[in-house]
Structures are given as C-alpha cells and as structure tokens.
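Could you build the full structure based on these sequences and the hints that come with them?
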Amino acid sequence: MRIGTMVGDTLRSLFKKPATEAYPFEKRRTPERTRGLLTWSPDKCTGCNLCVKDCPANALELIVVDRKAKRFVMRWHEDACIYCGQCLQVCRFDSIHMSSEEWELAAAGREGFTKTYGNEDDIKQVMDALAASNT
Amino acid sequence: METTMETQQQAETLLQPWRERMQAPEQNRIYVSIRPDELLDAVRALHDARWGYLSTISGIDPSGEDGEMEALYHFCSGPTVVTLRVALSREHPATPSVCAIIPSASIQERELIEMFGIDVVNTPDRSLLYLPDDWPEEIYPLRRDFDAAELVKREPRVTKPAEAEGETFVVPIGPQHPALKEPAHFEFTLDGEIVTGASVRLGYAHRGIERATQNMNWTQNLYLLERVCGICSHIHAQAYCLGVEHLAGVEVPARARVIREIVAGLERIHSHLLWFGVAAHEAGFDTLFMYSWRDRETVMDLLEEISGNRVNYSINVLGGVKYDITPELTEKVYKGIEFLDERVRHYLNVSTKDTMFLQRTRGIGVMTKEQAEELGALGPTARASGVLRDIRVDAPYGAYLDFPIEPVVATAGDLETRFIIRLEEIRATIVMIREMLENLPEGELTTRMPRRVKAGETISRVEAPRGELFYYIRSAGGETPERIKIRTPTILNLGTVIVSAVGHQFADMPMILAGVDPCFSCNDRAVAVRSADGDSQKWSWERLRQYGIERYR
Amino acid sequence: MNTILSLGAILIFPSGLFLLFNGILYEWLDKKILARQQNRVGPRWFQPLADVTKLMVKEEIVPTGVNATLFNLLPIVAVAGPLTAALYMPVGGIGPLLSFQGDLIVTVYLLSLLTISMGLAGANTGSRFSLLGATRTLTQLFSYEAPFMLALLGPAIAAGSWQISEINEYAGSHLLLLREPIGFVIAIIGLAGKLELPPFDAPEAETEIVAGAMTEYSGRGLALFHLGRSAELVLGLTLIAAFYLGGVASPLAYLMKTLVLLLGLAGFQALMTRLRIDQTVGLWWRYGSLAVLVQWLALFALDMSRGGIFS
Chain A
1 MRIGTMVGDT LRSLFKKPAT EAYPFEKRRT PERTRGLLTW SPDKCTGCNL
51 CVKDCPANAL ELIVVDRKAK RFVMRWHEDA CIYCGQCLQV CRFDSIHMSS
101 EEWELAAAGR EGFTKTYGNE DDIKQVMDAL AASNT
Chain B
1 METTMETQQQ AETLLQPWRE RMQAPEQNRI YVSIRPDELL DAVRALHDAR
51 WGYLSTISGI DPSGEDGEME ALYHFCSGPT VVTLRVALSR EHPATPSVCA
101 IIPSASIQER ELIEMFGIDV VNTPDRSLLY LPDDWPEEIY PLRRDFDAAE
151 LVKREPRVTK PAEAEGETFV VPIGPQHPAL KEPAHFEFTL DGEIVTGASV
201 RLGYAHRGIE RATQNMNWTQ NLYLLERVCG ICSHIHAQAY CLGVEHLAGV
251 EVPARARVIR EIVAGLERIH SHLLWFGVAA HEAGFDTLFM YSWRDRETVM
301 DLLEEISGNR VNYSINVLGG VKYDITPELT EKVYKGIEFL DERVRHYLNV
351 STKDTMFLQR TRGIGVMTKE QAEELGALGP TARASGVLRD IRVDAPYGAY
401 LDFPIEPVVA TAGDLETRFI IRLEEIRATI VMIREMLENL PEGELTTRMP
451 RRVKAGETIS RVEAPRGELF YYIRSAGGET PERIKIRTPT ILNLGTVIVS
501 AVGHQFADMP MILAGVDPCF SCNDRAVAVR SADGDSQKWS WERLRQYGIE
551 RYR
Chain C
1 MNTILSLGAI LIFPSGLFLL FNGILYEWLD KKILARQQNR VGPRWFQPLA
51 DVTKLMVKEE IVPTGVNATL FNLLPIVAVA GPLTAALYMP VGGIGPLLSF
101 QGDLIVTVYL LSLLTISMGL AGANTGSRFS LLGATRTLTQ LFSYEAPFML
151 ALLGPAIAAG SWQISEINEY AGSHLLLLRE PIGFVIAIIG LAGKLELPPF
201 DAPEAETEIV AGAMTEYSGR GLALFHLGRS AELVLGLTLI AAFYLGGVAS
251 PLAYLMKTLV LLLGLAGFQA LMTRLRIDQT VGLWWRYGSL AVLVQWLALF
301 ALDMSRGGIF S
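Protein chains in written order, with the numbering used here: chain A, 1 to 135; chain B, 1 to 553; chain C, 1 to 311.
Everything hinted at is true.
Distance windows between CB atoms, simulated: (1) C:I76 with A:S99: 57 to 65 Å; (2) B:R50 with C:K31: 49 to 57 Å; (3) B:A254 with A:A132: 52 to 60 Å; (4) A:W103 with B:L348: 35 to 43 Å; (5) A:R110 with B:G192: 49 to 57 Å; (6) C:I61 with B:A212: 37 to 45 Å.
Pairs of lysine to aspartate or glutamate residues, derived as DMTMM-like cross-links and limited to a Cα-Cα distance of at most 25 Å, are as follows: (7) C:K32 with B:D286; (8) A:K68 with A:D43; (9) C:K31 with B:E297; (10) C:K32 with A:E26; (11) A:K44 with A:E102; (12) B:K353 with C:D278.
Please keep in mind that the hints were generated in silico from the structure rather than gathered at the bench. All C-beta atoms, glycine included, are put in the ideal place defined by N, C-alpha and C.
So this is what it looks like as structure tokens:
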C-alpha cells in the first residue's frame, strides 16, 4: 500500500524554477527549421507555378507581368497559409524561404495579411492594374 | 503459427463457391465480386471459421460511364486482406446488414446509409452518424452526382428526439463537457450511480474530408489528410503516402523509410504521453497530469527540431521525407528519449503502486479477450485484453520490415493494464528509435513522383497509436484521387466502451472512455449506439454477452 | 455588547470583511503552493480576488423550473454560516468575541451549513449534474462528519469543556498534538473532506459532473458559495490550530499555525487521486470512524487513570 508516490516530484519542484516558459517575457530560441514568415524573391523564379498548384490552402498567387522577361509578382495570403512548407519543397530554384526568426504573425486586423513580393516597378504595375479593375 | 500463404489459401478455400469471381490483383490481396444476396453466406463462411476480422466497410461510387456503385467489405487476417465487393444497382442500391453475424458492423453500415444512400436491409440502427441532424433527406455526399448547390436548396431534415423509455435518468456527457477534449455526445442511462445503458452520437468535428480529397491534387491531399488529427497526423500522412506510392509504383529510399518510422515512433510517444496525462486528469490525479504533460514537451521539442512544427509535422512527402536527421539532431533525440525513458519508468511505478490511483483503475472497465475480439477492438485497447493485433507485426510496412518489433501484450483487460501497456509501449518505442538511429541507412531523402498516379485501387494499413488505421485509395489515373476511405481505430474502439460501460459506476465513465484513447477528430466519421433495453432491433448487453458465450462454447 | 462593536465584529473583524479577505488570501496560497508542487507558476496574488469580484458583478441567471426564493437564499445561508461561526472562534489570534458553554457544538453545526445549503441548492436546481453533485455532497457529509466532529471533541474531552475559548486556553498550555495524534490526523483529513479538496472532490468532479451542485449557479450566487468555501477553509484551519497546535493566543501564533496547516493540506492535495463517492464513504466509515474510536478509547483510558471527568 503506497500513498503519495509523486511526493519526490512535488517536494523537488518546490525548490526548482517552474517549467513554464514565461512567454512573452522569456522567449526560447526557435529551431532552424521553424516555418515562419514566407518570402519570395523574383531573381530566380521561372514561373513554373508548381508552388501555386501544390499549395493545399491556395495561399500563393503568381501574377505574370511579363512571362518572357520572367517578371512576376507573388502574393502570399498569410491568413490562408497553413505553413506546411510544400512550396519550399517543390521549388527547384530556391525562390521561396520561410523565416525561422519571424513567426509571431498574429495581428488584430486583416489588413496586412496579404504580402506582395517582387521588384518595385513590377509591384507598382500590378497594384495599379488591380486598382483600375476595382473602380 | 500460420504463414501468410496458409492464411491466404484458407481464405480461398472458405470462399470456394465464388471461385470464378475471385481475383488476386497483387500479393496479400483477394477481391471477390458477389451479389447482395450472396453477402451473408460469404461473411458467414469467413466468420464461422474465425478467419480474421471485419476491418472496414467502404462504399464507392466511381465516376465514368461504366462506374458501378459497390459496397466493399474488407476482412483482414495478418497481412492478407479479403475484400468482398458487392455490386449495387444504381436505381435502388441495397445490401443486407451483416450485424446479425458481426454486431460491431452497425457503425460502418450507418455510414453507408447516410453517405451513399445505400439501403442496408435489417440494420439495427439507421440514425445519422456524422451528418448533422438537419441534413436534407435523399442527398448523399459521397455519390458522384452530389451537388453542393443542390444541397442548400433543399428543406432541412426534421429529426425527432428519441423517445425515452419509461422513467430513466439520463446523463449527457457532451458535446460540451469538461471531460471531453473534443466534442461528442454520450448518453448514459443511470440507476443511482450505476450505468445501465450507453449511447454515442458523433459528427461534431466532421469536416467532410473524404469528399474534399476528391477536389484536391495528390500533393495537396497529403496536407489535408495530415490534419485529420493532431496527435496522429504523421501516421495518417504515412498511410496515404504508402498507398499512393504503391499505386504509382514508386519505391521510397531506405533512409526516408527509416526517418518516417523514427518520426512515427516519436509521435507514438507523444500520443501515449498525452493520453496518460488526460487519463490521469479524468481520474482526478491532476499532479500526474501536469508532470506527464511537462515531460511531453520534451518530445514535442524534438519533433519541432526535426520538422519545424510541434503538431502536424509535415515531414512526409509523396516519395520520401522532407527533412533529414543530422548527427546533431540525433544527439538531441538521444538525450530527449533517455530523459523520457526515466520518467516513464517513474510513471509505471506510480501507475502500479499508488494505492489511490489503483482504486480508480484496477479491476475497472474489464474487457475479456472474447469481447475484444468480437467487438473488433484494436490497438493497445485490444492488446491489453490479450488480443494481439498490431499491424507492425501482422503486416509490416516501411522500415518495420528491416527493424521488426516485439509488440506489448497483456491479459488482464482492465484500466490498469491499459495504462501499463501504453507506458511499456513508450519504452519499447524508445528502444526502437535508438536502434533505428544507430542504423540509419545512407541515401537520398526523396524519389521522383509522377503528378498523375496510375489508375487502380490500393489498401494501406498502418499502426496508429490507437490501433489499425485503414486507408482505401482509388485512382482513376488523374491528378486527383477518385476516392479515399479512411477507417480510424477509434470507431471500432468506441463500440467496446459501450459494452464495458454497462454495469459500472457513473464515476468510472470518463476513465473507461479515456481507457480506449478516443480521438474524436480522427473518428468523426463514425458512431455507435447501444442501449440496455429489450428492443428486438437493438442488442442489449445481456444479449451480446449471451451471444458471446454461445459462440465460444 | 454595544451595537457599534457588534456591527463592527460582524462586518469587519473578526467576521465579515476580515474573514472573507483572509479566506481569499488563503485560497490563493493554497493554489500557489499546489501549482509550485506541480512545477507550474500558479496564479498571481490578486487572482482569487479578481475572480470573486468578477463573479459578483456578472449577471445571475436563474434557471427555469427552480424555486427562485431558495435559489437566491441558499448562497446567502451558505456564507452566513461561516460568518456567524467566526464570532465564536479565535480568528485573527484575538480570543473569540462571543463565548458560551457548548459553543463548540454550535460552531461545528454552523460550519456544516455550507455543505447542507450546497446540497440543497443542487437538489433544487434539478439539472442532471446538480442532482448528482447534490447527492454526492450530502453523502460525503454523512461520511466524514461523524469522525470529524469526534476528532474535534477529543480536545474538548481533554480540556474538560465544550467551550471553544476554554479549550483554546487549555491547549495553550498542553500540546494536544502529542497527546492525540490520531485525532489530529483525522481532523485535518476531515477538513479536506469538508472543503471537498482532493481526494474528496467527487462532489464537484469537473471531469464527471461539470461543477456538481453549483453547476447552474453564476454571478452573485456562485461568488457567495465561493466565499463561503474560502471562509470555511480559514475557520477549519483556525479550529484545528487552536485545538491541536497549542492554542491560538496571538495574531502571530494564528498566522504561523494556520499557515503550517495550510502547507500540509496543500501538500496532501497534490499527491492524491480523486476517490469515487462510494470509496470515500467506505474509507470514512471503515477507517475514519475506527481511528477516531481508538483515539477516544485511548483518551478515556488516560483520563480515567488520571481521575479526570470520566472516572
């Protein structure tokens, strides 16, 4: 008949620091492979669209500015993304990355949940076209 | 001990009358095409000879002009799967119920009725399983002509609540209840504190995943299926990958195979530790709950280091794995599992020695070997009652072919044994992970996978932490699957709860429920109903017990 | 006693606000110690206070089909019991304000008022969980009450009086813990039963019956039950400290002795699994009563050999 088999643990814990991580006052380092903020660079992208096709959440949108000149603009819908990393896996040209440092992506409103990546003039061109079609 | 050859031959002998319509499309698979009026004879032939167990009943309505609606009854023994294919007419699809022979089939027959509109004649329970109470009549989600636009135009169904029989005191647990981590609805009929009847209604977390897979390509589905469940996400993805890779004729590199099982092992540890804490909490031993969950963080951190995420690791890709286990990671894993091994030994000690805890677990919720076999229990729930059902042993897959494992079995069948089994499984898994890490083969992580998968059907069975997970995958040669049927272990395990609950105190209900390690997210495509009354359509505990006694006389 | 003093005693010290805040403080300590034993951080100091304040200002929903008068009255009775009992106990280390022969018995009954009103409240509400909770609360009351009361009467026998102030004085010079160890153990475990702390928390087993008898209460009613509980914690600790730990003669002695007991109680809680209600009853009627009877026999024997009241 044994009672209180956890007494060793309970007494020891009284003299130890709690196991709770006092987030956000204390932050542990995140592992390298953490899938956080997604970024895309236009330099090597060939417009193969595999990342768009294979995204389970339809979070990526590749807008063609000039296919021959390989000018594209990528829109990433942060709120739809499930951070699975399939796009990273399937891209053969190292165009997509997910940050392991920036992962605190919650926000109080929806604005800013769509990130647009690309060369500045390309982005401007796309945004103007979008604005024009919306009016 | 029968060999696979003998098992297969035995099945062929039992199904002699249908010899001409038998096919063996590949190793360990037998398909028999039969008519609805022949079903009961075939089932009886297999059941009376105690050949295997009925694992899954799936319906299929393939597209294409000559696509025929079928009800598939999959019986498994060891690695062999015998599928009885019942051809159904489109105008009036009907098949007889097998519940007279196998009572636990009621759950899956309900699914056939509501998802395909198949008339399962004489089935004891026709109520809705997953679909909500107001789902319109005569619109079936898994039929090929299902139209969502049509659905919203129809009138909602009116479901009358079941009539209470006489003066009964019914206590509902769920859908909102502190005992449940996920929504479900249990009704316990009480006499004082003793349970005299139990029933379950599920579908609160039903997301229509099987239907959704038909609209997404093979790669996208990987991530969808991973999210069927949070604690068995890897094993779902793995079952899917095994099936699709098999259809496509792709062989996964050795290193990837082993990495998959290492992560599966870590997931099993995670799942069992989670369960342990929850079960302790249900018993009122909060201290044990807090400590076991604190220790669970260790394995979650390891998984985060390996895959980048604590839940839904997404380490599987079709054709292999995404991430490698570097020597640095290996060191971390060794340290982590060593710590866990020591803690689990401590918990084993607590679970078997702490008098107060034992008062809530020893001798409670006993399920005998016969009951477990009859009701189709799976996984640790079955192994705690002495029924050795473990896919890693019966039908080894992936790296288990190179790293065979010793399953953990016990005989007492009470709650305490279920605790012991799962804790011992954690320790056995730790040993396995060490061995795999030490002998990790060199090589590539992935193989090229075609975007279109060859037409065909396949069945993949894997051992999830809760028991056998059964995937039936069918391709029509395109970029999206034709049909994916998922049968999770909790569906069958819940049936065992209903039986072992009756006669116990109400206070033991959460513990008994927790004892089978229910995973409602996985499960929300199934339900079981049983009540302790004399209704001739329903099976009372007494009748089931009598049946069991007669059968084993 | 003049009116102002009486009002002061009832509303501020030693009963009233002092008791309630003391209760909240001890509740926080209990939760914090429990958390630290479980390797957690635990609530911050104002948590229980914030909880009660929040509950007080929330809407109270009276379920249909209940007797509204009873529904609203019972929480008040539940908190009135301990508040009244406090007038007869050395709360705060200052000798009991009121005192008369036999006030020990009255106090013990006043302390049970909380449990009885909780049981009645649960039965009144009539929802599945409340009914089960009420049944369990009252069943548990019948199981620990006898041994607990006898354990408290042990010191009364030793002191030769049924008056708390006299027992307190007697205990001041005789450490009854040494003379009646079994009684002490039964008293403290009985207190755990009274307060429905683990392992005796079957009446409000959240994983089985949501919140037991108090399931349908919200707002002010729940706050009052909550306060009644915390007040009982303080009073129970005071009584046991006064009787067994050498009397409560000064505020410092009061603080230290009750804190020591609280520490023990919190430590005990962390190691226990919840018992089923039938196991609780079985435990108390078999071992609890037996232990207390043994203690009493020893007392009689000792007393008779010394030519005390029973010889």
